[in-house]
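> Starting from the known structure of chain A, arrange chain B on it as the hints suggest.
There are 2 protein chains.
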Amino acid sequence: MARPIDADELDLLSIGAWILGTGGGGSPHASHLVARQFYEDGGRIELLDPDELADDDLVAVVSTMGAPLVFQERMTDAAFALKPVRIMEAYLGRRFRAVMTVEVGGCNAFQPLLVAAASGLPVVDADAMGRAYPEAQMQTFSIAGLQMVPHVVSDIRDNDVIIPTASGWREMERVRRKVCTEYGSVATTCQAPRSGAEVKRHAVLRSLSQAIALGREVRRARAAHEDPVMATVAAADGQRLFTGKVMDVQRRTTEGFLRGSLTLAGQDADAGAAFVIEFQNEFTIGRRDGTMIVTTPDLICVLDSISGEAIGTESLRYGQRVTVIALPSQPIHRTEEGLRHVGPRAFGHDIGFRSVFGEAGA
Amino acid sequence: MARPIDADELDLLSIGAWILGTGGGGSPHASHLVARQFYEDGGRIELLDPDELADDDLVAVVSTMGAPLVFQERMTDAAFALKPVRIMEAYLGRRFRAVMTVEVGGCNAFQPLLVAAASGLPVVDADAMGRAYPEAQMQTFSIAGLQMVPHVVSDIRDNDVIIPTASGWREMERVRRKVCTEYGSVATTCQAPRSGAEVKRHAVLRSLSQAIALGREVRRARAAHEDPVMATVAAADGQRLFTGKVMDVQRRTTEGFLRGSLTLAGQDADAGAAFVIEFQNEFTIGRRDGTMIVTTPDLICVLDSISGEAIGTESLRYGQRVTVIALPSQPIHRTEEGLRHVGPRAFGHDIGFRSVFGEAGA
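Protein sequences appear in the order of chains A and B.
With my numbering, the residue at position 210 of the first sequence is 211, and numbering never jumps.
With my numbering, the residue at position 95 of the second sequence is 96, and numbering never jumps.
Bound conformation, chain A alone:
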């Protein structure tokens, strides 16, 4: 059923989406404020259950892409989110029935809400990652072998690119990444349109609702003076991996990504141990005292040990007290084809998938 999103749920979505960002996806803060302002001005946004889509409905898949650090300086707005959608409609000669995000993790949880605010379209309760990932070919739609074009990339001014044909998802990703870098490392996209049937079959369903539920649990735990980190772990069937203090952060912005590593010194039960996490926008692998214990596609989340608030790879700094947790990945990411797209090797680590949830793979 389509139902209006409550103003309160915007706050909860912001909390939950930032946790599911696994360090990347960019802080939802600025997009959250735009959505809240829209609500304060009397606007409302509809959330559409995927089951409500007709098989031949046309769904816009949208995102902001680029370097999360830039998102904090050049803030977004609804018109910027809508621009590539309108260009795609003109290119296709068809109108969209609804809009969905490519990833529920990070600021992109709000991207379809911004498009909805500017267009009146309902937001589909689904995404194509169930988290955040840095590259286009890491979507469930890519893993399922669906078409990657047409794909529109827009800048904040009057520059746009349509990719009508591409020899593969990775080739398309490389071209749009170069365009995005030229646009100042921030761009909005309208990705290959999906039919209602494709969304229902290949998207991660009801993931916005799950992010809202996660946010609700964090807020409940805070109000009840419980540990919000452990409340998140319990609510999402996750595991606590490590508690410690940030000792070192290596960070370099390269090829349109934020790459680097984070070193923690253990505290409490983990005193005396060290934990190192590597990232490419998102956290990809984690070692405890040199031993690999967790890899993508497990969700590796770094949370403030007190507030339970997620911390992005661009906001890590010396002295923060954090808890590392793992949350289970989407089943499609653990298939052989899924691991080819988002396993450790897809991020340049020559190791197999090692899950803290007892699974392994190529």
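If you are wondering where the hints come from, they were derived from the structure by calculation, not from laboratory data.
Ideal Cβ positions, reconstructed from N, Cα and C, are used throughout, including at glycine.
A portion of the hints provided could be inaccurate.
To list a few chain B residues with every Cβ distance to chain A over 12 Å, as calculated [as the list claims (entries may be wrong)]:
| id | residue |
| --- | --- |
| 1 | Asp-156 |
| 2 | Glu-183 |
| 3 | Lys-201 |
| 4 | Asp-269 |
| 5 | Thr-292 |
| 6 | Met-293 |
| 7 | Arg-322 |
Derived coverage of chain A by chain B (criterion: at least 3 residues anywhere in the stretch with Cβ under 8 Å from a Cβ of chain B; other residues may be distant) [as the list claims (entries may be wrong)]:
| id | region |
| --- | --- |
| 8 | 53-63 |
| 9 | 289-299 |
Coordinates of chain B only, in the frame set by chain A:
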């Protein structure tokens, strides 16, 4: 009048276009061979006088873009030239009446002939530079303030980009240059479509015929045992600037361009003097013993002193005996607006235009 191009004229166009390349535009050799093979297989290409265009005829403006050095390794073909034209037609929902080159200098003199070979379209006897220049905004259509979009860029495989909107010519140039680099530093384009009226008003008219005439004069001089360099100077109202031997070539491939400088030691009448020419794909400025004596938009051409054959910036090497000549530029390039687009400052040289033909400007 539309008339068939003779097989013999293909050879003459190759000679003349390479001289008008002013060091850039890429050697016409490979494209020339493709066109000749088409003729040997019985094909014919029509040359259309611009006056034959109706005002509302739609003309495709085409090019190969990238690093000339790459053109020699990854050779072109008619299908590659045609691909962006077909994508543009699909995007516009209209068919082209004819095809023209963006620049008569270098390999792009043959680009519309390759499209013609694959499509049967006639080639308009005109271009948008009257020579070669490295960037899109240096076209007469840009100087005249015409629209720069839509613009299609294609690679040799199945990757294409449509630029439907751009905030300016330079912004469009920067984006397509990044795409081209990602495509391996060679791409074919179909640029903003032009009406017959726009071509007749703003293009450089009958420039293919002029290049053919120049080639004919070089060949006549060779057969008559005259000096083909001085025959070129006489035929094109040019000036001989310097005769010498290549002493040094500095060359770096950077940001999708070939930049550098050429140093000559004088011979014969110029013995004892030195001549230095800088280039960005094309030759841009020339100094004799440290004194600036020639700048773009004057055409600066470096020719083999014996054969009169042009030498590209990518083929310069120690020991070559060469003669530097200057040919007069197109009137539009010498206007205030023209100099803003193609004067020395447009190439990063903080000096005014200095012509060997007695003109100067900003």
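> Could you work out which earlier hints the structure fails to respect and list their numbers in ascending sequence?
1, 2, 8, 9
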